[in-house]
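Q: These are the residues of each chain, in order.
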Amino acid sequence: MYKIQVLCYKGDMKFERKSLEETKELIQKIEAGEVQGLPQGRYFLIDKTNKRLIHEILPTENQEIVMIPIIQGG
Amino acid sequence: MKKITINNNGVFETETWQLTPYGIQRRRATLQTRIMSRRRKIQDKQLEINRLEKEIITIEEQLKTLNSPIVDAILQKHAQEQKEIEAKSQEILRELVGEELYQQLQTRKSLIFTAKDNLTYKIEWNGKIYRRVGKEWEQLCIVRPQELPLPDFITSLFFCVKENPTNYKLRYRR
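Here the protein sequences line up with chains A and B, keeping their order.
Under this note's numbering, the first residue of the first sequence is numbered 1163, with each subsequent residue one higher.
Under this note's numbering, the first residue of the second sequence is numbered 3, with each subsequent residue one higher.
Be aware that a few hints might be false.
[What the hints assert, rightly or not] Derived coverage of chain A by chain B (criterion: at least 3 residues anywhere in the stretch with Cβ under 8 Å from a Cβ of chain B; other residues may be distant): (1) 1185 to 1199; (2) 1215 to 1226.
[Stated by the list, open to error] Which residues of chain A face chain B? A partial, calculated answer using Cβ under 7 Å: (3) P1231; (4) I1232; (5) G1235; (6) G1236.
Hints listed in this document are in silico derivations from the structure and should not be mistaken for laboratory results.
Backbone N, C-alpha and C fix where the C-beta goes; we use that ideal spot for every residue, glycine too.
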């Protein structure tokens, strides 16, 4: 089970996906602005367990991911 | 014919004219026109007063609706939601930056960390971020997304600057 938490204006939004493919698809949709309530944009993926940046989601069971919107520099 | 008058208030010169029959008719016409003009002005003002009174009635109705208990309940619900969002955001911030940095932010109102470029950064409680340049803290130029709660913004800023510090420039460039 993949648990995805996205930081947004509501504080956060939580999703659960069973497979790696479904998780990747959800992340793509979020970044494309296709998920209601979430702004289009790029996000950092953080592993909630070790607080490290994830560059690629691994097929690990029970992974908790936090998606953090990337802040733009002026 | 001029006449000089002296009294306790001073010295006055007054002049009087005799009105000719033509002059009397002209003066009557002028006075009638003045009366008409002032009556028209009163009418216009009255229309304006009536319009403003109608507006006040509409505004009062709107205010009455907004002061209703249903709206109060909506506001209370919103305030409660905001409180919950704030609490959740604080919890995520605490969880992701770690207890030590979170406590630092609570007590010193800023958290200090080293990013991938080996430079030191400071995020203040209000979301302002600084880079250590020599002995000075120089502010970075950041675009804050309005919709993001402040603790979430600090969380994002922490990870963004830590991972990609070169993406962020100084606000006042040398």
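Q: Give a verdict on every hint.
A: Against the structure, the hints come out as follows:
With a cut-off of 8 Å between beta carbons, the region 1185 to 1199 of chain A has 0 residues touching chain B; three or more are needed, and the interface restraint is violated. Interface restraint, the region 1215 to 1226 of chain A with chain B: violated (1 residues with C-beta to C-beta distance below 8 Å; minimum three). The closest approach between the C-beta of A/P1231 and any C-beta of chain B is roughly 6 Å, which is under the 7 Å cut-off, so the hint is satisfied. Restraint check, A/I1232 versus chain B: the minimum CB separation of about 6 Å is within 7 Å; hint holds.
At its closest, the beta carbon of A/G1235 sits 4 Å from a beta carbon of chain B; the interface hint therefore holds under the 7 Å criterion. The restraint placing A/G1236 at the interface with chain B holds, with a minimum CB-CB distance near 3 Å, inside the 7 Å limit.
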